[in-house]
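Could you build all of it, start to finish, from the sequences and the hints given here?
The chain contents come next:
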Amino acid sequence: MAEAKAKKPQAEKKPTQPVMTVSETDVAIEVTDMNKWYGDFHVLKDINLKVMQGERIVVAGPSGSGKSTMIRCINRLEEHQKGRIVVDGIELTNDLKKIDEVRREVGMVFQHFNLFPHLTIMENCTLAPIWVRKTPKAEAEADAMRYLTKVKIPEQAHKYPGQLSGGQQQRVAIARSLCMNPRIMLFDEPTSALDPEMIKEVLETMVELAQEGMTMIVVTHEMGFARQVANRVIFMDEGQIVEQNEPEEFFTNPQHERTKEFLSQILH
Amino acid sequence: MATYDKNAVAFVRSEMVGESAAPAGEVGVTGWVRKNLFSSIPNSILTIFGIYIAYLGISTIANFAFIHAVWSGESGAACQPPDAGEGACWPFISAYFKQFVYGRFTISERWRVDLVYLVGALGLIWLVYERSPKRSLAALLMLTAFPIFSLILLTGGNFDYSGPFLLTCVILTAVILGAAFVIPTLTKSNPVPTVIAVAVILLIIAFILFLCSVDFGLIEVETSLWGGLLMTLVIAVVGIVVSLPFGVVLALGRQSNMPIIRIICVVFIEFWRGVPLITVLFMASVMLPLFMPKGVQVDNLLRAMIGVAFFASAYMAEVVRGGLQALPKGQYEGAQALGLNYWKMMGLIILPQALKLVIPAIVSTFIGLFKDTTLVSIVGLFDLLGMVQSAGSDPKWTSPVSSHTAYLFLAVVFWVFCFSMSRYSIYMEKKLDTGHG
Numbered sequence: 000m001a002e003a004k005a006k007k008p009q010a011e012k013k014p015t016q017p018v019m020t021v022s023e024t025d026v027a028i029e030v031t032d033m034n035k036w037y038g039d040f041h042v043l044k045d046i047n048l049k050v051m052q053g054e055r056i057v058v059a060g061p062s063g064s065g066k067s068t069m070i071r072c073i074n075r076l077e078e079h080q081k082g083r084i085v086v087d088g089i090e091l092t093n094d095l096k097k098i099d100e101v102r103r104e105v106g107m108v109f110q111h112f113n114l115f116p117h118l119t120i121m122e123n124c125t126l127a128p129i130w131v132r133k134t135p136k137a138e139a140e141a142d143a144m145r146y147l148t149k150v151k152i153p154e155q156a157h158k159y160p161g162q163l164s165g166g167q168q169q170r171v172a173i174a175r176s177l178c179m180n181p182r183i184m185l186f187d188e189p190t191s192a193l194d195p196e197m198i199k200e201v202l203e204t205m206v207e208l209a210q211e212g213m214t215m216i217v218v219t220h221e222m223g224f225a226r227q228v229a230n231r232v233i234f235m236d237e238g239q240i241v242e243q244n245e246p247e248e249f250f251t252n253p254q255h256e257r258t259k260e261f262l263s264q265i266l267h
Numbered sequence: 000m001a002t003y004d005k006n007a008v009a010f011v012r013s014e015m016v017g018e019s020a021a022p023a024g025e026v027g028v029t030g031w032v033r034k035n036l037f038s039s040i041p042n043s044i045l046t047i048f049g050i051y052i053a054y055l056g057i058s059t060i061a062n063f064a065f066i067h068a069v070w071s072g073e074s075g076a077a078c079q080p081p082d083a084g085e086g087a088c089w090p091f092i093s094a095y096f097k098q099f100v101y102g103r104f105t106i107s108e109r110w111r112v113d114l115v116y117l118v119g120a121l122g123l124i125w126l127v128y129e130r131s132p133k134r135s136l137a138a139l140l141m142l143t144a145f146p147i148f149s150l151i152l153l154t155g156g157n158f159d160y161s162g163p164f165l166l167t168c169v170i171l172t173a174v175i176l177g178a179a180f181v182i183p184t185l186t187k188s189n190p191v192p193t194v195i196a197v198a199v200i201l202l203i204i205a206f207i208l209f210l211c212s213v214d215f216g217l218i219e220v221e222t223s224l225w226g227g228l229l230m231t232l233v234i235a236v237v238g239i240v241v242s243l244p245f246g247v248v249l250a251l252g253r254q255s256n257m258p259i260i261r262i263i264c265v266v267f268i269e270f271w272r273g274v275p276l277i278t279v280l281f282m283a284s285v286m287l288p289l290f291m292p293k294g295v296q297v298d299n300l301l302r303a304m305i306g307v308a309f310f311a312s313a314y315m316a317e318v319v320r321g322g323l324q325a326l327p328k329g330q331y332e333g334a335q336a337l338g339l340n341y342w343k344m345m346g347l348i349i350l351p352q353a354l355k356l357v358i359p360a361i362v363s364t365f366i367g368l369f370k371d372t373t374l375v376s377i378v379g380l381f382d383l384l385g386m387v388q389s390a391g392s393d394p395k396w397t398s399p400v401s402s403h404t405a406y407l408f409l410a411v412v413f414w415v416f417c418f419s420m421s422r423y424s425i426y427m428e429k430k431l432d433t434g435h436g
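Taken in sequence, the protein lines are chains A and B.
Counting from 0, one number per residue, gives the positions in the first sequence under numbering that gives the first Met the number 0.
Counting from 0, one number per residue, gives the positions in the second sequence under numbering that gives the first Met the number 0.
A couple of the hints might just be wrong.
[Claimed, not checked] Pairs of lysine-lysine residues, derived as DSSO-like cross-links and limited to a Cα-Cα distance of at most 27 angstroms, are as follows: (1) B:K328 to B:K355; (2) A:K44 to B:K328; (3) A:K136 to B:K97; (4) A:K81 to B:K355.
These aren't lab readings, by the way, just hints derived from the structure by calculation.
The structure is reproduced here in structure tokens:
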């Protein structure tokens, strides 16, 4: 019933947007019959999801529906107990090397930014490239500067995270992830902890990223963002995928009762 | 000049009022005194009471230490009543000063202790002073070369490894190398890097052992001759230097996912925290020799040092664990999501923040350890307290105030060391503060 099998995504091209191509053959993430429990509590039930390279997926749903847990399984911040998760051709198992490999390819942006407060913005951005990718320091710094310019805060490079506003911190967090040159980006409610006037600057950065063809899975309540950039919206409830569709269809013609209820709550 | 007319509805100022000095009672010394000391009647009473208490304390100490003190003399007779006996007997301290600093260290060899003090002090300044060049090199040298240098200089080196020691070393080496090969093989990873790493460590240890056995032409000074400040510092510094890294390892082990490692760390920590230090020292000096095989003798000082270091490590482990738990989970996740492995995450992200959070507690542990070293005086080691006590019973210097003076001296020495540690920790906290925890 609630189980919507991942269908072949379509590369939709709206005339008003830059071309965001979705690969037909290149699978970025494949989740098959994935289940997860916290102790006795069944948090994720039979999750099936196939994400092609270049897709922008928005995951919506009420709190406690398992949205965050699902994307946290994709870079193994949470362990799944049943089923398969294959990211970029690498299956996630207990093999620590494989996990590190996946994490190098998958960037993640958190609700509370999780910047390292004891390091400057520049150090936050260059730490992983230098220590994980073994990039020479000068090169890593040049890269970091490029991404900081991209998120429009190059002038803050030598400050500490504590000196920045929430929106700026979140943009640094995005730049920090980009510095690792990830093929996939996960966003876990990136705007939920921000003041209203800062949400826009972060969303703009994310839209730009989407337009450049980044594969993205975004857990968010920003339905405007979903309409603008997503090529698929997934609705989750009680640990399962209840409905998924193209944004236009999803918002104008929801099928499942829970989806209708949810949308009526958040769209006025 | 248009003055403000209280009855006027409209008013336009034609001239701005210039700045004028604040009333005399508000600024400067008088202002500060009035605001902070005499702002209200209870405050004024407290101030006067506090000044009285301070006067009592300071005048007593000043009377004893300076005003009624005896400054010269050849024996305790100089400090006897009726001429004296009200104040400190400073000639007693100067007569015993060298013993307080060196213990009974062979007199002709005391330059070696001085050299260790000097090198140690210079190294510490190099390490601590913010603008000195190559501080990481200083840290490396102070943690590797300096201890070996001190060990050789203080003991005289030229260690004799004959008898069962060499054989034990060979067997241990074989066992460790074997384990380094077998364990990775069992977990199906390449054993070569592990074996090489272990071999390098063993080689370094062998090199250190070799250095200590070289005859530098120094006379051997047994540790039973060490004493005074030298012994206090040796025990305290070894305790401090060992307890921090060891405590960190124990704290990480206690949070490990691997049950065996966790249990070992928990048992270790709880054992050492559960027994009083005096018990540890008694066990080390009295009981341990009973369990040792015949002919094997472990130096008394070494045993005490190991006891103190383990004891301090257990406390340090809990302090560090407190810091680890205070960090938000997001810091771990942020580091993991970037692909940092466990050691990089800990070394680059978690520990720098966790240790910074607990600097005050770490330094408290250090200070506690420094003062706890005085307990070794009850197991027959003459640290500074031990020397002071034995000096107090010298019949030549019998006087009603001799031991009082010695204890005052002792207190001042300890206070200077502990207070410097405390100030340095406050300075570090300020320096490392980046705004948000």
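Pair hint outcome, K136 of chain A versus K97 of chain B [Cα-Cα no greater than 27 angstroms]:
The hint is violated at about 53 angstroms.
Can you confirm whether the C-alpha distance between K44 of chain A and K328 of chain B stays at or below 27 angstroms?
Distance ~25 angstroms between K44 of chain A and K328 of chain B Cα, so the pair holds.
Are the Cα positions of K328 of chain B and K355 of chain B separated by 27 angstroms at most?
17 angstroms, holds
For a C-alpha distance cap of 27 angstroms, please report whether K81 of chain A and K355 of chain B respect it.
Violated. K81 of chain A to K355 of chain B sits at ~40 angstroms, over the 27 angstroms cutoff.
Of the numbered hints listed earlier, those contradicted by the structure are 3, 4.
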